[in-house]
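Required output: the full structure, derived from the provided sequences and hints.
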Amino acid sequence: MSTRTASPISPDVSPMVSMDMITKTFPGVKALDEVKLDLYPGQVTALVGENGAGKSTTVKILTGIYQPNGGTIRIDGDPISFASPNDAAKAGITAIHQETVLFDELSVAENIYIGHAPRTRFGLIDTAQMHRSAAKLLADIGAPFSSHTQLRDLGIANKHLVAIARALSVDARVVIMDEPTAALSHKEIEELYELVEALKSQGKAILFISHKFDEIFRIADRYTVFRDGAFVGDGRIDDISEGDLVTMMVGRSVDQIFPQSDHDIGDEVLKVVGYEHPTEFADINFSLNKGEILGFYGLVGAGRSEFMQALFGITKPSKGVCRVNGDIKVIRSPADAVSNGIVYVPEDRGKQGAVIGLPIFQNITLPSLSKTSRRGFLKLAEEFKLAREYSQRLDLRAASLDQDVGNLSGGNQQKVVIAKWLATQPQVIILDEPTKGIDIGSKAAVHEFMSELAAQGLSVIMVSSEIPEIIGMSDRVIVMRDGRIATELTKDELSPETLVRHAAGITPDGAAA
Amino acid sequence: MTDATQTRHVPDRLNSRAARIFKSWEALLLAVAIAIFVINSFASPYFLSAWNLSDATFNFTEKAMIAFAMALLIISGEIDLSVASIIALASTAMGLALQYGAGTPELVIIGLTVGVLCGAFNGFFVTVLGLPSIVVTIGTMSLFRGISFIILGDDAFRGYPSSFSWFGQGYIYWVFTVEMLLFVIIAIIYGVLLHKTNFGRAVYAIGNNPTGALFSGIRVQRVKFVLFLLTGLMSGIAAICLTSRLGSTRPSIATGMELEVVTMVVLGGVNILGGSGTIPGVVIAAFVMGLVTFGLGLLNVPGIVMSIFIGLLLIGVIALPRLWAMASARRKS
Amino acid sequence: QDDVRIAIVVKALGIGFFEAAAEGAEEAAAELGNVEIIYTGPTDTTAEGQIEVINALIAQQVDAIAISANDTDALVPALQRAMQRGITVISWDSGVAPEGRQLHLNPSSNALIGNMIIKLAADHLPDGGEVALLSATTTSTNQNIWMEEMNKVMGDYPGIDVVATVYGDDLADKSYREATGLMQSYPDLDAIIAPTSVGIVAAAQAVVDAGKVGQVNVTGLGLPSEMAGAIESGASKSFAIWNPIDLGYSATMLAYELSQNGVEAAPGAEIPMGRMGNLTLDENNEGAMADPFVYDASNIDQFKSIF
Amino acid sequence: MTRFIPVRETILGGAILVLLLLISSRFAGFVAPSNLANVFNDTAPLIILALGQMVVILTRCIDLSVAANLALTGMAVAMINVAMPGLPIPVIIAIAVLLGAIMGAINGVLVWKLAIPPIVVTLGTMTIFRGIIFLISDGKWVNSHEMSPAFTDFPRMVLLGLPVLSWAAIITIILFGIMMARTQFGRSIFAVGGNPHAAVYTGIDVGRTQFWAFVVSGALAGLTGYLWVSRFAVAYVDIAGGFELEVVAACVIGGISIAGGVGSVGGAVLGAIFLGVVKNALPVVNISPFWQLAISGSAILIAVAFNARAGRTKGRIILKEAEATQ
Ligand SMILES: Nc1ncnc2c1ncn2[C@@H]1O[C@H](COP(=O)(O)OP(=O)(O)OP(=O)(O)O)[C@@H](O)[C@H]1O
Ligand SMILES: Nc1ncnc2c1ncn2[C@@H]1O[C@H](COP(=O)(O)OP(=O)(O)OP(=O)(O)O)[C@@H](O)[C@H]1O
Ligand SMILES: [Mg+2]
Ligand SMILES: [Mg+2]
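Residue numbers (our numbering), protein chains in the order written: chain D, 1 to 513; chain X, 514 to 846; chain E, 847 to 1153; chain H, 1154 to 1479.
Some hints here could point you the wrong way.
Calculated Cβ distances over 10 Å to all of chain D for the following chain H residues [stated by the list, open to error]: (1) Asp1306; (2) Gly1314; (3) Arg1462.
Subject to a maximum C-alpha distance of 30 Å in a straight line, what follows is the list of computed DSSO-like cross-link-like pairs (lysine-lysine) [claimed, not checked]: (4) Lys371(D) <-> Lys271(D); (5) Lys1266(H) <-> Lys90(D); (6) Lys1293(H) <-> Lys1083(E); (7) Lys1266(H) <-> Lys30(D); (8) Lys709(X) <-> Lys385(D); (9) Lys1293(H) <-> Lys1150(E); (10) Lys371(D) <-> Lys709(X); (11) Lys351(D) <-> Lys319(D); (12) Lys351(D) <-> Lys536(X); (13) Lys351(D) <-> Lys1266(H); (14) Lys1058(E) <-> Lys1432(H); (15) Lys709(X) <-> Lys379(D); (16) Lys1266(H) <-> Lys536(X).
Rather than coming from a laboratory, the hints here were simulated on the basis of the structure.
The beta-carbon is built from N, C-alpha and C at its ideal position, and this holds for glycine as well.
Following this line, the structure appears as structure tokens:
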């Protein structure tokens, strides 16, 4: 498979912003490794790459939130460095960040203008002027709410519109949009496209990050591809096909990576009937068999994690029954779930997974303490024995078992969390985005381990937003959209297009070629 | 990856036990305590006397009993500012029972029960209604003592039976008081509870990451509720000791003690934000505070001036290591 | 080298009345020659604070403790321990229950003070009127006894009506607020009686601030130096006090006699107090020092610079 | 989208009105304008301190040293007045504000630069400040007859029918109203407390904002220190002992969330007034003052339980139909 390299840049335009040899490391992770990125006036550059490729990190460097460990940023050819977000704003760079960086207690207008509100003669914030300008911005992007609304009263999509308005409120030369359409409806997305066109015609340089190929091909002029924190290539969008772009992005053929293990699929272990929640999900029915890997696919925000957490006893469903081995089980808390053999590896490792601050061995034994203790009294020797056993099984890389998990790399933290659950000898293991933010080596290890677990008769539910992972690992896939099951696909039916089509709710003819 | 030849051996521990102990906060605090002891024995000829040192323990034993339970509560990420008011209410309840002819056993039971009930009240607001404990206990701090004022007004309960005075005034053997014995027993119980049991492990897990602990199958709210009960129970025990020692009950009893208890806990190396701290640390902190106040008392230094020392100690022992780290970081770069 | 160490323990440090008493104690010490005075006390008026101070004094093996107590009962166990260790314990000004001390020195006879405070108010109300009491803490022994004594003689003052009793806790701001509250709740109030040196000053200030000088007369027990302004403004027509210097002096003398000269404190005993004469103990081992003295515009200037 | 729950401030204001009605049914004189003015005047120090505390709590900190700061500043200016009776009052006030601000800055620096938890810092400085008062005054009181008449008269001077003390509170309220609503600093305070992570994205320095919040709180404590000492015409070690908790209570009753980011000037002021009315009404309606503590404790509990219900965030909504019906 051929990897495209950079196509020649048209000689008549020089980049407005250019990043060169930018490196950024976090403890245990090299998020960016000598990448380059050029943005041209009046053009939309799409930055594409898998989850964790380093796209958002690039955005944060361009907006002065992170400082790079190496490399140069130039604006109009002059080197520049940003010590703080204010510096970047002064240089005319504005961004819609992937996560919402808004304030619930402030009004919409204030959210838009915080940090650069118009002032009166006395140096006070000119609220009247601020609301006038905000109202105009909101009208431009077709937002259906007033600038006086308290932000906390808005839904997710509308909050996103505020974030967009905020980015447009500064008279910027460079506009960055990190997955701006992820939370928007069809109509709002159309208005956003119009806006992008308008910005283009004003000669602004636009960086557009998206996982949706149809929109990339619709509005982008150029593309840049990152893979695992490294620059892969860039060029004009007209010069590349969708298939080639995917190949650049993934950089390898799917079947090379995913272990093909034969595991026998046995009897039904778990059956979920009519799970429902007032605001998060509805009408969830499926069953899971022994030794099966069941994939859950969906776009970010489809409600998969919320449902899994309900199954694990964190959130309370309003309706629904869950049967384990045919018996109805009431799961009111994670402790109940664990005692019924259902365990959950959450997607937010730092907050929900590992107990940072406790040493590795204590993390591993936390849910199994009843096994390693006698009448409630700890037995350290037993704990170390258990921790040693499972850290070896997962090939954990650490200095010692009494090291704080917080000092481990993301991949090794994930291994600790998985080890913690395997030590309880569960029947069903739910893995929510198990390889998110994990380096490529550990990723393969996790995949290999997952199929091994299935082979040993454990049932696995894998929630993933990565198409290759879903296709490569799953025996069966459930696609979720807007809190409901959109479809259920068998292994033979799996293809990237089908998955995306069901996840986004696009009719076959509407989908990109 | 189950291939044994490929797996690496991860050692259990990196540092020896001795090295860990030597580097700990407790070691630093112990050094401070010893220094204070030595300074005191030079500063006053009366310091090194068994009876005097025995009297000095009254300065901290009751506070320390509560401090142990408070340490667990703070490690779990909560706080209880109402402990002194629980003492007032428990003491008032005992005094009230006394008016109806209760004897020593009944008084003890009532003191403990009221303590536990107050703890349950706090625990209910925090764990069931999900309110921040600092606010709830600022409220109950006024409420509990307020009830005591309503019952007692400007009056006092007195005339506790002489057998009751054993708790706060009795001696076990020679200079060893009943309170000292209680202090030692409670310290051991809490030391074991926090450091040697599953419950203690859960407390640390909750303090470090309540969400993570919940996701690991720990019944977070239940553990927190128990911790509030324990803090109430300890306040009940302290109420018995203090009432017995004073021989009377006034609603203003133990005013301001909550802050001394919190100070003791924080001085003992417990992170006020939760997650870390040890019982030996709190024990040493109790002695440090007791020795400082007693030593300065022997020099007839007013209590308010002693509190400057305590305040400086509190900020100093946290600030100095950080300043040290900042300075050494600057030197390296 | 071997000085006799007498500890003067006061309700709280920094109160003018007690500072003056300490002066008297020093005077007695100078007269006796070989006495060292340890003037001490908590910074807030609590029994627990005094207990810690007492423990420290026991540890220093002082020869005598003379205490003005914040609580009649709560100090008893601590003081009993002091006595067991051979320390002479007396109380003065504000007493301790009999089992916690050898004797108690009242500044004046309680009955006399009780009568005095109501008489001071009544003298300026020939036609009767409403008066209110502003006390110190609810637990101050001496205040409570005086008010009791006052109630006993109320029959001698027909037409005088005690409408309320409030507590200022010997805190200036609280006393001020309580006094203000009294004037609001009882618009026809004629006098505020504050048998405490902190309360009387605060009440006088509150009367001035409320613009009720001439309408509400503040009286009670106060120090001339602190009350000079109130007499001048007319907020207070007269007040009484015994001499705190004499009180400190007498307490020291008594403590010395008991601890050094083997004098036994027993009902009926007469104990010498230097220039203040003898103290005669009643059946509770209590005795009174002298009569209170009344201060008004005619003599205030003479005393305000003394105490 | 309609708001089902009316604004917190309206409810609290309503509660105060109901309270006043109840009181007036037992004692009509209480609601006379002159008496209400007295109540307000009496509550003025609490209002001023509550506003300072509000700013600190909004940034996710807490200042337990305000009362000690007040007492130390009060003692310092009283002693300055005794030593230099001729010093004009504006100078005295400037000294008080400056001293208070310096103490606030000490708290702020420890929180900002050394990252020591605010509760530990202010617990420590609280005892240290109190101790320093004893050291500088030798434990002695400064009494009214030692202070200059100008010093004690200032807070009671009547301007347009109200004493200067009341005006100080009113001006502070107005300034804070403007500061919180109309200045960059004021809005940053909400941002820092509401979402510190996002505040960094918008270029707001969290630590620095917290530092300035402590300075503001300290400066107001200093100002109150002078007003307190001159109004009660006395200074001693223990003035305003335990007042810090009353100040925090006023904020909590006023709906300032201890978790930061939520609250308003109106809330803090009403919270303080609520406590002030309760405190002043009890003696008047012949409820024993011994009930006061229990009543204010219950008020705090009810207020937090209520505010927690009202302020419960909705969370994200995934189901389309669910969002539509919200
Ligand atoms: N603050 C941080 N600390 C540690 N690691 C981080 C941090 N921020 C990002 N990373 C890591 O850096 C890598 C790149 O993350 P980044 O958010 O830039 O990915 P992305 O391309 O935006 O992915 P996505 O498409 O999921 O948004 C990931 O491995 C991530 O875990
Ligand atoms: N609009 C939003 N407001 C607040 N948090 C959000 C929002 N969108 C996403 N998140 C958070 O970001 C994380 C990633 O979101 P994600 O889309 O995975 O949620 P999800 O509902 O579980 O959807 P998925 O089906 O993708 O798992 C989640 O932890 C979620 O809490
Ligand atoms: Mg991203
Ligand atoms: Mg998810």
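Are the Cα atoms of Lys1266(H) and Lys90(D) separated by 30 Å or less? holds (27 Å)
Hint consistency between Lys371(D) and Lys271(D) [alpha-carbon to alpha-carbon, up to 30 Å]: holds (28 Å)
Would the pair Lys1293(H) and Lys1083(E) pass a check requiring their Cα atoms to be no farther apart than 30 Å? It holds: about 27 Å lies between the C-alpha atoms, which stays within 30 Å.
Between Lys351(D) and Lys319(D), is the straight-line Cα distance small enough, at 30 Å or below? With a Cα-Cα distance of about 28 Å, the restraint between Lys351(D) and Lys319(D) holds, given a limit of 30 Å.
Please settle this one: Asp1306(H) was flagged as non-interface, so is its CB more than 10 Å from every CB on chain D? For Asp1306(H), whose nearest Cβ neighbour in chain D is about 33 Å away, the distance exceeds 10 Å, so it holds.
Distance restraint between Lys1293(H) and Lys1150(E), which requires alpha-carbon spacing of 30 Å or less: Given pair Lys1293(H), Lys1150(E) holds - Cα atoms ~17 Å apart, limit 30 Å.
Pairwise hint evaluation, Lys1266(H) against Lys351(D), where the allowed Cα distance is 30 Å at most: holds (26 Å)
Against chain D, does Gly1314(H) hold up as non-interface, every C-beta pair farther apart than 10 Å? holds (29 Å)
Would you mind confirming whether the straight-line C-alpha gap from Lys1266(H) to Lys536(X) stays at or under 30 Å? holds (25 Å)
CA of Lys371(D) to CA of Lys709(X), is that 30 Å or under? Within the cut-off at roughly 15 Å; holds.
Does Arg1462(H) sit more than 10 Å from chain D, CB to CB? holds (15 Å)
Just to be careful, I want the Cα atoms of Lys709(X) and Lys385(D) compared with a cutoff of 30 Å; is the pair within it? holds (17 Å)
Violation of the numbered hints given earlier is absent; every hint is satisfied by the structure.
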